[in-house]
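In terms of this note's numbering, the sequence shown opens at residue 4 and continues consecutively.
These aren't lab readings, by the way, just hints derived from the structure by calculation. We put the CB at the ideal spot given by N, CA and C, even for glycine. It is possible that some hints are incorrect.
To be verified - With beta-carbon atoms standing in for the labels, derived distance ranges:
hint : residue 1 : residue 2 : range
1    : 198       : 60        : 46 to 54 Å
2    : 194       : 89        : 28 to 36 Å
3    : 174       : 326       : 28 to 36 Å
4    : 400       : 264       : 23 to 31 Å
5    : 194       : 315       : 34 to 42 Å
6    : 282       : 326       : 18 to 26 Å
7    : 325       : 60        : 24 to 32 Å
8    : 89        : 326       : 21 to 29 Å
9    : 205       : 174       : 40 to 48 Å
10   : 398       : 300       : 16 to 24 Å
11   : 224       : 347       : 28 to 36 Å
12   : 398       : 260       : 22 to 30 Å
What the hints assert, rightly or not - The list that follows gives simulated cross-link-like pairs (lysine-lysine, DSS-like), each with its CA atoms no further than 25 Å apart:
hint : residue 1 : residue 2
13   : 428       : 219
14   : 82        : 147
15   : 147       : 204
16   : 362       : 316
17   : 430       : 419
18   : 200       : 428
19   : 191       : 134
20   : 84        : 57
21   : 319       : 147
22   : 84        : 55
23   : 430       : 219
24   : 187       : 198
25   : 173       : 134
26   : 200       : 35
27   : 347       : 316
28   : 219       : 418
29   : 418       : 405
30   : 428       : 263
31   : 326       : 84
32   : 173       : 74
33   : 419       : 74
34   : 57        : 82
35   : 147       : 191
36   : 367       : 219
37   : 337       : 57
38   : 147       : 198
39   : 362       : 347
40   : 39        : 74
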Amino acid sequence: MQKSINNSMKWFKTIPFSDVVLWDVKRYSFEKIQSKYPIVKLGMHIQEESHKVKLADYPDEEFGILGVSNKIGIFDAYKEKGANINQSYKTMEQGWLAYNPYRVNVGSIGLRTEEHANEYISPAYVVFSCKETLIPDFLFKLFKTERFNKVINASTTGSVRQNLTIDILKSLDIPLPPIDVQQKILDKYYSESRKSKEFAKESNQIGFEIDAFLLKELGINLTIKERKSGLSFTQFSTIDRWSVDYLFNLSSIDGLQNAKYPLHPISRYIIESQYGLSSKASPEPVGTPMLRMNNINNSELDISDLKYITLSKNEKKKYLLEKGDLLFNRTNSKELVGKTAVFKEDEEYTFASYLIRLKLNNLKLDVDYINFLFNSPIGRVQIDLISRQVLGQANVNAQELKEFVFPIPDIETQKKIANEALLMKEKQNSLLAQSEEQKINAITNVQNAVLSI
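Given these sequences and hints, build the entire structure.
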């Protein structure tokens, strides 16, 4: 009997009642962090910042809005006039941090630095500053370590949608080296991550070279004509949409109509276009992975951050992707709307409603060729002219998408151009992978310097 009791004790864990902040088995079954530095409550060294401004009170003034990404942290998202912003937005000063309480467990936290021009952020984000005992950038790097991310995941609450409130954040334990040690750790991080930036710079340069290659091969010297004030006229019979940008789309793009090959609307080659599912997906890996707008990056699919959905038999028949499908992001920020990628995966995937699936006539149009063109200046300039922006979100619908025009040579020439671009893309991706590896090494060294594994 005694042996049975002793064996069962390994399933129990005792904690001091004074340590109980939240009744959550997940939180207290997780091993506490260890460090050679003092372990302190984060709440003693940070302060919530909830300064809000009703931007609608300044209807004619333009405000810069910040966003938070799990890949890059804080970024300048868009600008919008106060008249179009109904909510009161939080101010975000340099050196402050912000996180999405429902996505911080996947790294959606960022630090505003001097690189960011915009000053306001959605009230949905939790904003906080650090006291003089804690360097904000040190805390940001700590959040990005694998070990501390596990702490965050163990601390979120909610049965369906995981949430990390500011009160729970304040209750977390962190290692706190002296200020001078924090700075030394940061200095070493930036020294080690310098190589990462060099690889990233080389990768970006190849991206420009791909664009230059496409323009040269197609005989296009692309410029946007300066718009002049005054009246312009067009035939009523040609009007499909009441938008000045749209009506003068082609006429304002100098060089496109002088391409080496004939221009054709993409509609000529579309067999089928389809919006994706509007059903809610879950981060739990159950069912079919659903591609969303963040899964299209730099003209390719990025399947590192997926959500899942259970499909019926009829939904599978209608919404499962097939190799060679072209995915078009119809709603996003002004800078990202219109990005495309070719589906080439072997496994089953479906797609969300912010994406449009195009099935193309592959006897007349090479999908890799048109994918490169959509993501090149040839496609981007048309997207910028056609897309409509409301509260930071730009839109291009399926009908507008069909009216994009591209120079279309014979299929063999298309394949030749696409294959050359794909080789350049492979080199770009290799440099990007090296950049990411260097970045991971640098943040791992921060973890090793502070935390005991």
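Results for each hint:
1. 198 x 60: 46 to 54 Å: holds, 48 Å
2. 194 x 89: 28 to 36 Å: Taking Cβ atoms as reference, residue 194 and residue 89 lie about 46 Å apart, which means the hint is violated.
3. 174 x 326: 28 to 36 Å: With Cβ atoms ~48 Å apart, the hint is violated.
4. 400 x 264: 23 to 31 Å: holds, 27 Å
5. 194 x 315: 34 to 42 Å: Because 54 Å falls outside the window, the suggested range is violated.
6. 282 x 326: 18 to 26 Å: holds, 23 Å
7. 325 x 60: 24 to 32 Å: Given about 51 Å between the Cβ atoms, the range is violated.
8. 89 x 326: 21 to 29 Å: violated, 43 Å
9. 205 x 174: 40 to 48 Å: holds, 43 Å
10. 398 x 300: 16 to 24 Å: Given a distance of about 20 Å, which is inside 16 to 24 Å, the answer is holds.
11. 224 x 347: 28 to 36 Å: holds, 32 Å
12. 398 x 260: 22 to 30 Å: holds, 26 Å
13. 428 x 219: holds, 17 Å
14. 82 x 147: violated, 28 Å
15. 147 x 204: holds, 22 Å
16. 362 x 316: holds, 21 Å
17. 430 x 419: holds, 17 Å
18. 200 x 428: With a Cα-Cα distance of about 18 Å, the restraint between residue 200 and residue 428 holds, given a limit of 25 Å.
19. 191 x 134: holds, 23 Å
20. 84 x 57: This hinted pair holds, its Cα atoms lying about 12 Å apart.
21. 319 x 147: violated, 37 Å
22. 84 x 55: holds, 16 Å
23. 430 x 219: Distance of about 20 Å is within 25 Å: holds.
24. 187 x 198: holds, 18 Å
25. 173 x 134: holds, 13 Å
26. 200 x 35: violated, 34 Å
27. 347 x 316: holds, 22 Å
28. 219 x 418: holds, 16 Å
29. 418 x 405: Between residue 418 and residue 405 the Cα gap is close to 22 Å, so the pair holds against 25 Å.
30. 428 x 263: holds, 24 Å
31. 326 x 84: violated, 42 Å
32. 173 x 74: Holds: residue 173 and residue 74 sit about 24 Å apart, inside 25 Å.
33. 419 x 74: The hint is violated at about 34 Å.
34. 57 x 82: Status holds; Cα separation ~15 Å.
35. 147 x 191: Judged against 25 Å, a Cα distance of about 16 Å means the pair holds.
36. 367 x 219: Holds, at about 22 Å.
37. 337 x 57: Distance of about 24 Å is within 25 Å: holds.
38. 147 x 198: holds, 19 Å
39. 362 x 347: holds, 13 Å
40. 39 x 74: violated, 30 Å
Comparing the model with each earlier hint shows violations of hints 2, 3, 5, 7, 8, 14, 21, 26, 31, 33, 40; every other hint is respected.
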